[in-house]
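Engineer: The listed protein sequences derive, respectively, from chains A and B.
Everything in the first sequence is counted per my numbering, starting at 1 for the first residue and increasing by one.
Everything in the second sequence is counted per my numbering, starting at 1 for the first residue and increasing by one.
Read the hints as simulated data drawn from the structure, not as lab findings.
Yeah, the Cβ is synthetic: ideal placement off N, Cα and C, and Gly gets one too.
Please note: incorrect hints may appear among the correct ones.
Claimed, not checked - Quick look at which bits of chain B chain A covers, simulated, 3 or more residues with Cβ under 8 Å:
#: 1; region: 18-29
#: 2; region: 269-283
Stated by the list, open to error - Negatives, chain B to chain A, calculated, CB over 10 Å:
#: 3; residue: Val-37
#: 4; residue: Met-38
#: 5; residue: Glu-47
#: 6; residue: Phe-96
#: 7; residue: Gly-126
#: 8; residue: Leu-138
#: 9; residue: Ser-147
#: 10; residue: Glu-207
Said to hold, decoys possible - Per the computed footprint, the stretches of chain A lying under chain B, defined by three or more beta-carbons under 8 Å from a beta-carbon of chain B, are:
#: 11; region: 106-112
#: 12; region: 120-132
#: 13; region: 201-208
#: 14; region: 231-243
So you can see what is in the structure, the chains are spelled out below.
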Amino acid sequence: MRVLHYLALIWLVLLASLTFSAPWLPLASFEEMDFFNEAQFPNESNWLGTDGMGRDMLSRVVHGAQVSLAVAIASPLIGLLVGGGLGLLAGYFRGWLEQLALVIMDTMLAFPALIFALLAVTYLGPSLVNVILVMGVLSIPAFARVVRGQVLLIVNLEYVTAAKALGVNHSQILMRHVIPNIFPAVASFFLTVMATMVVAEGALGFLGLSVPPPQPSWGSMIAEGREYLEDAPHISVIPSMAIFLTLLSLNLIKEKQET
Amino acid sequence: MMWTGWAQRALRLTVVLFLVLLLTQAMTLLVPGDLAVMILGENASLEALAQLRKELALDQPLLDRFLQWLGAALEGDLGVSLQTGQPVAQLIAERFLVSFELMLYATGLALILALLVSVLAVSRVGTWLDRFCSFMALGLISIPGFSLGLFLILFFALMLGWFPATGYRLWSEGVVAHLSSLFLPALALALVEAPVYFRILRTDMGETLKRPFVMTARAKGVSKWGVLIRHVLRPSLVTLITVIGLNVGHLVGGAVIIETLFALPGMGRLLVGAVYAKDLFLVQGIVLVVALVYIIVNMLVDALYLVLYPQARGVERQR
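Can you make the complete structure from the sequences, with help from the hints?
Structural biologist: Structural data, given as structure tokens:
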């Protein structure tokens, strides 16, 4: 099993470095069409083949990874900062602030997530920034819940009470005693949300509501490949495998981190 | 005593429903610029725009607009579709049963799979089989529904030809044709849910196995499978039922994708079409129905929970 965790790390590091170095890599263009070279299987000049419009699949997968990674990292950060901050304050200070936060969070959780994302992205207009914002907002209530739950577990422990009795001020207790102790659980949850974000961005892309073309995203590539499923299944299968490996890696690392 | 808690929860869910609907309406504020122009496009005539603004009551404040809609909705009038002019209630009614059936079908398949595999895994706790099942579940969780659906089409429809790739057959076209046209989409949804249920059951049953009453039952001569099913599986079902209720929301989201992929005439596809066309009343109507189903299912689950598990009376349920 340990080998698997290393493989998972290697995949994520490889993906991230490919993503960041994409502009300097000798990749084919992701938008240049070649109608004499449509739906080619992987071969020497196009390592992962070409899509239905003759565009290089390798280049599109790498550029699609940019979108997935951007959403997978930036959106949970929004959720962590806003939702986590709210959960921290709600769990630490309790009272009406907590009640208010809980009602807002319940409503957000009851709103079917995909419907919210579809509506918000359509209304705001599909773009990378809007997708990141919408997904970030969607992850707020979950972070608030998890962080509040963790804070409640430790806020009455002896060392917190002792710190309070010694007259340490609230912000120092939060920074020195509370946050470091909830960190492992929240970090593990962060990985879960990252995986969810990759799926959600894929779903939006699949419905044509992620980044606008010609910028590829894994979800939109899968959707485009549907027409060619019978004769050139690699067009859909390759981005599917990219999503699968990324999710599996995140899940494996999370399992490892929890034990 | 035990039902007051239930009534309180039901009341809270109703408040949440109200807020969800208000939020749906308020989300139109996200549109940069003129809503009417966004719906009809830049080239729409001034008369058409004025007509639409009147239809949507855009000259009134958001809250008034919402209360008007809500008042009509309570009398069963959900407005008309901006695309076709048909009543929203009728459009939804035509599509509702397909989605509902798909949801039942998928939940049934997911339950059968999860129950079988988790009992199998627990019967060989700690062996390679147990670990294999857990690993497969982790793998399956890592495949999003749209990829899963696509692989199923590729394998079972295009390569083996056992099931149709897309399209929906009515009951009147034959029971077999109907059920097999829904099988792959239901399986795709089920394979997303099943590993989640499996992991909950496996963890829960693993804990129960360590309890003394399990050994007592074994010592009294109850067979291994008898103990597993009657003493270990049964208490775990309570947790599972709660999770299934909460998962209805996920299923709705998943169904939007799966219905699109398999070209099923359900509410999910209706919603995608409505969102693309900015058909506001239709969107609002679908959100209402989806949220209502979610709330009704969860109230039923809560009631079932109280009936199955009377010990829970007075104890607040943990999520």
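Engineer: None of the hints should be skipped; say for each whether it holds.
Structural biologist: Consistency of the hints with the structure:
1. Taking a C-beta to C-beta cut-off of 8 Å, the region 18-29 of chain B contributes 6 residues in contact with chain A, enough for the three needed, and the coverage statement holds.
2. Coverage of a stretch by a chain is defined here by at least three residues with a beta carbon nearer than 8 Å to that chain's beta carbons; for the region 269-283 of chain B and chain A the count is 6, and the condition holds.
3. Annotated as non-interface, Val-37 of chain B keeps its C-beta farther than 10 Å from every C-beta of chain A; the closest such distance is 13 Å.
4. Its closest Cβ contact with chain A, about 8 Å, brings Met-38 of chain B to no more than 10 Å, contrary to its assignment away from the interface.
5. The Cβ of Glu-47 of chain B lies farther than 10 Å from every Cβ of chain A, with a closest approach of about 25 Å, so its non-interface assignment holds.
6. Consistency note on Phe-96 of chain B: stated as away from chain A, and its beta-carbon is indeed over 10 Å from all of that chain's, at 15 Å minimum.
7. Against chain A, the non-interface label of Gly-126 of chain B holds: every CB pair exceeds 10 Å, the least being about 14 Å.
8. Some Cβ of chain A comes within 10 Å of the Cβ of Leu-138 of chain B; the nearest lies about 6 Å off, and the non-interface call is violated.
9. Listed as a non-interface residue, Ser-147 of chain B fails to keep its Cβ farther than 10 Å from every Cβ of chain A; the least gap is roughly 4 Å.
10. With a minimum CB-CB distance of about 16 Å to chain A, Glu-207 of chain B clears the 10 Å threshold, and the non-interface call stands.
11. For the region 106-112 of chain A, the stated coverage by chain B is satisfied: 5 residues place a CB nearer than 8 Å to a CB of that chain, which reaches the threshold of 3.
12. Against chain B, the region 120-132 of chain A contributes 5 residues with a C-beta closer than 8 Å to a partner C-beta. That satisfies the three-residue criterion, and the hint holds.
13. With 4 residues having a beta carbon nearer than 8 Å to a beta carbon of chain B, the region 201-208 of chain A meets the requirement of three or more and the stated coverage holds.
14. By the rule of at least three residues with a Cβ nearer than 8 Å to a Cβ of chain B, the coverage given for the region 231-243 of chain A holds, with 5 such residues.
Of the numbered hints given earlier, the model fails hints 4, 8, 9; all others are met.
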